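Asker: Read top to bottom, the protein sequences are chains C and V. Note that the numbering used here numbers the first sequence so that position 255 is 255, with each residue one more than the last. Note that the numbering used here numbers the second sequence so that position 70 is 70, with each residue one more than the last.
One or more hints might be untrue.
Unchecked claim - Here are some, though not all, of the chain V residues that point toward chain C, as calculated from beta-carbon distances under 8 Å:
(1) Arg8
(2) Arg10
(3) Gln12
(4) Ser15
(5) Pro69
(6) Tyr70
(7) Thr91
(8) Asp92
(9) Val107
(10) Arg109
(11) Ile120
(12) Val121
(13) Tyr122
(14) Lys125
(15) Leu130
Just so you know, the hints here were simulated from the structure itself, not pulled from any lab data. Note that the structure is a prediction, hence the values are computed from the model and not measured. For glycine and all other residues, C-beta sits at the position ideal for the given N, C-alpha and C.
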Amino acid sequence: MSVMKPLRAVGIVGYGAYIPRFRLSTTEIDRIWHGGEALAPIREKAVAGLDEDTVTISIEAARNALARAGIAPSKLRAVWVGSESHPYAVKPSSAIVAEAIGATPETLGADWQFACKAGTEALQAAIALVGSGMADYALAIGADTAQGRPGDELEYTAAAGGAAYIVGPAEEALATLEGSYSYVTDMPDFWRRPMQRYPQHGGRFTGEPAYFAHTEAAVRALMEGLHIAPEEVTWAVFHQPNVRFPRRAAQELGFQPHHIAPGLLAEEIGNTYAGSALLGLSAVLDIAEPGQRILLVSFGSGAGSDAFLWRTTERIAERRSAAPFTRAYLARRTPIDYGTYVRYHGKLHMH
Amino acid sequence: MTIPSYWRTRRQRLSLEGEICPHCRRHVFPPRDICPYCGGPAKAAASLSGRGTVYSFSLVHNAPAGFEPYAPYLVAIVKLDEGPLVTAQLTDVSPDEVSIGMPVEMVTRKLREEGEEGLIVYGYKFRPLLQAEAL
């Protein structure tokens with residue numbers, strides 16, 4: 001199978017990040033559940049405030065993307081939100097986001113679901129919508145307020161955040177698309193049934209046959225299809241459920257630590273699920289120079305990976321300061337204790 | 001919030017959409033039929049920058065129905081850069097960090113949930129200006 005390319009050349013014309021300001025340290029989770037003796041996979045994770053959810057995270061990320069694109073919101077012909085934590089079971093997050101940013105009413109709106117790759121799935125579709133000529137601009141967002149069962153190992157990393165990407169014509173792009181590839185199998189590594197508050201997962205099974213197999217297959221097919229070697233790529237961004245997985249996948253694929261360093265945010269914010277790889281990409285776009293290749297690869301449980309190769313243009317340097325950098329959100333940091341976390345996330349039942 | 005009210009106020013509530021009076025050119029918020037400044041008909045929608053300063057503020061301990069889960073929370077009158085005064089909650093800030101004259105910007109946040117089965121109402125709040133970090 002070959003690499004996917006749209007009929008019309010497209011690229012990212014605007015991007016934006018959002019990370020809530022609250023941080024819960026894994027030392028604090030350890031203290032409550034494991035007597036401070038467990039080995040935490042990251043330092044701390046980003047936690048949504050009482051008035052934040054996937055919709056509010058998406059709105060701010062989308063406003064940042066619009067500021068960088070410099071286009072009227074009414075020009076967006078699609079507003080797509082990928083998440084596993086949509087606030088409603090039935091009522092699209094995308095309609096609320098589209099209204100808030102001024103993209104209504106002449107737009108598509110839909111919520112995407114594929115665990116942690118829901119946002120990149122929306123991005124593939126946005127590429128297709130613009131690449132086919134049906135639309136000039138389409139907005140794809142990945143955002144989550146992820147939940148882990150108290151005491152479960154997922155609680156260390158399940159975090160909140162998101163990023164938004166406006167796909168448009170290559171002539172206006174900050175980074176043009178060189179090609180993309182997607183890889184999916186029916187993999188039972190992680191799931192959540194309807195009406196259930198917390199997910200189930202396959203423990204160690206989430207690594208080898210799930211994360212590594214899908215991520216590496218997608219990257220290899222994309223790079224081989226485009227005849228690109230790791231040394232021809234300046235930056236590589238992986239889905240980051242922790243720090244260890246993306247580091248190992250990068251190494252196995254022939255990348256060096258410097259390829260992944262600026263896009264690896266899990267140590268500071270945790271796993272923001274559908275926002276994870278997309279936030280890594282926004283941190284890289286904040287610092288990339290024109291003419292550099294960026295590999296982006298997501299992983300969503302269930303399972304699949306979307307891989308993309310981008311190349312930055314001269315416009316990146318002039319447009320990126322039009323909105324707050326990803327680092328500004330990382331630096332805005334208010335530590336909370338486990339009790340506050342329990343309150344913010346509705347883990348106490350009052351009646 | 002009633003369903004007609006949710007629908008009618010969606011733009012002003014979610015994105016602080018106001019009006020510019022076509023007669024005296026002043027910004028009006030919330031949108032209304034008659035300009036409060038010159039008395040002329042005012043119906044031309046216009047977006048506001050969302051930037052302003054804290055004109056006055058208070059800490060709410062006894063929250064009205066629907067807002068109890070968020071108490072204590074800050075409510076402010078914000079003087080928008082375009083002129084109008086808006087009453088709204090402050091967010092992402094603790095009470096000891098707020099001062100009169102503090103620059104703020106509009107964000108869209110969850111205002112309240114109508115129980116576990118009802119609508120979730122989103123709307124404008126204000127937070128301290130996000131300082132962009134130098135890279």
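Asker: Run every hint past the structure and note whether it holds.
Answerer: Status of each hint after checking the structure:
1. The criterion of a C-beta within 8 Å of any C-beta in chain C is not met by Arg8 of chain V, whose closest approach is roughly 13 Å, and the hint is violated.
2. A distance limit of 8 Å between C-beta atoms decides the matter here; for Arg10 of chain V the minimum to chain C is near 5 Å, and the interface restraint holds.
3. Using the Cβ-Cβ criterion of 8 Å, the hint placing Gln12 of chain V at the interface with chain C is not satisfied: the shortest such distance is roughly 11 Å.
4. Annotation: interface hint on Ser15 of chain V holds; nearest CB of chain C at approximately 5 Å, less than 8 Å.
5. For the restraint placing Pro69 of chain V at the interface with chain C, the shortest Cβ-Cβ distance is roughly 7 Å, inside the 8 Å limit, so the hint holds.
6. Among the interface hints, the one on Tyr70 of chain V holds; its C-beta lies about 6 Å from the nearest C-beta in chain C, closer than the 8 Å criterion.
7. Because the smallest distance between the Cβ of Thr91 of chain V and any Cβ of chain C comes to about 6 Å, under 8 Å, the interface hint for this residue holds.
8. Proximity of Asp92 of chain V to chain C holds as hinted, the smallest CB-CB distance being about 6 Å (cut-off 8 Å).
9. Because the beta carbon of Val107 of chain V sits about 6 Å from the nearest beta carbon in chain C, less than 8 Å, this interface hint is met.
10. The closest approach between the C-beta of Arg109 of chain V and any C-beta of chain C is roughly 4 Å, which is under the 8 Å cut-off, so the hint is satisfied.
11. Contact between Ile120 of chain V and chain C, as hinted, is supported at the beta carbon level, the nearest pair being about 6 Å apart and thus within 8 Å.
12. Hint status for Val121 of chain V relative to chain C: violated, with the closest Cβ pair at about 10 Å, above 8 Å.
13. A least Cβ separation of about 6 Å between Tyr122 of chain V and chain C falls short of the 8 Å threshold, and the interface hint therefore holds.
14. Interface restraint check: Lys125 of chain V against chain C, minimum CB-CB distance 7 Å, threshold 8 Å, status holds.
15. Interface hint at Leu130 of chain V: satisfied, since its Cβ lies 5 Å from the closest Cβ of chain C, which is below the 8 Å cut-off.
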